[in-house]
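K.L.:
Build out the structure end to end from the sequences listed, making use of the hints.
There are 2 protein chains.
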Amino acid sequence: MKRAGIHLICEFWQTQCIDSNPQKILKVVKEAAKASGSKVVGESFYAFQPYGFSAIVLLAESHISLHYWPEFEYLAVDIFTCGKTNPYKALEVLKKSFNPKNLQLVEVKRGLI
Amino acid sequence: MKRAGIHLICEFWQTQCIDSNPQKILKVVKEAAKASGSKVVGESFYAFQPYGFSAIVLLAESHISLHYWPEFEYLAVDIFTCGKTNPYKALEVLKKSFNPKNLQLVEVKRGLI
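Going down the list, the protein sequences come from chains L and D. Quick note: the first sequence, position 45, residue 45 per the working numbering, numbers continuous. Quick note: the second sequence, position 103, residue 103 per the working numbering, numbers continuous.
It is possible that part of the hints are untrue.
Repeated chains share a single entry, so a pair holds when one copy, or any two copies, can fit it.
Below, a list of computed lysine to aspartate or glutamate pairs in the EDC-like style, where the Cα atoms sit at most 16 Å apart [claimed, not checked]:
| id | residue 1 | residue 2 |
| --- | --- | --- |
| 1 | K89 | E43 |
| 2 | K95 | E73 |
| 3 | K2 | E71 |
| 4 | K30 | E92 |
| 5 | K24 | E43 |
| 6 | K96 | E11 |
| 7 | K27 | E71 |
| 8 | K2 | E73 |
| 9 | K96 | E31 |
| 10 | K34 | D19 |
| 11 | K96 | E107 |
| 12 | K27 | E43 |
| 13 | K95 | E31 |
| 14 | K27 | E92 |
Bear in mind the hints are in silico, worked out from the structure with no lab data behind them. Here the structure is a predicted model, which is why all the values come from computation and not from measurement.
P.N.:
The structure is reproduced here in structure tokens:
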């Protein structure tokens, strides 16, 4: 069964978010991308007032996104990669950085042929 | 049951992609965002050689992403929105623009509390 990519849909709960400094958050996401074997080709960050953030890196192999709701201690994480990459390596970096006490994970095979 | 957002995971098959002009693609994605009631706060585009593209818009209400594999006539679409938005309105715009002959759709409620 061929597929275009693997998409990890992750719910980080009771997560200890590092502060909402864009550079720090994006640095972590880029480290995650690198760990998976992906190349970053674009990035966006948005800070909510008074707290919370969204961060996305576009990859040559799809994308990684984070959306953080501090009021729920909830971080929505998507890791979608293709080719000779390993999205679980990116997940390890994000888990280490955001340290969720509970994590729900669904693996979706995208573009199944 | 409270939730943080709704994430539509869509597989567009046998899709007639408009050309890979970044401005045209991003215009469509922004129209989709607007239709859903979302506000665009960032964007990234990546063109593959010799063909194919990735496009993401970061929203104040999460994100919309497209990843296109022309060799499979396959477009991976994610529409993740929260608050008082309607992601299905964005889906209608994207369906109209990319005209897939087959479409698979999964609705994922993100951040279920």
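K.L.:
Against the structure, test the hints numbered earlier, and report the numbers of the ones violated in rising order.
P.N.:
Structure breaks hints 1, 7, 10, 11.
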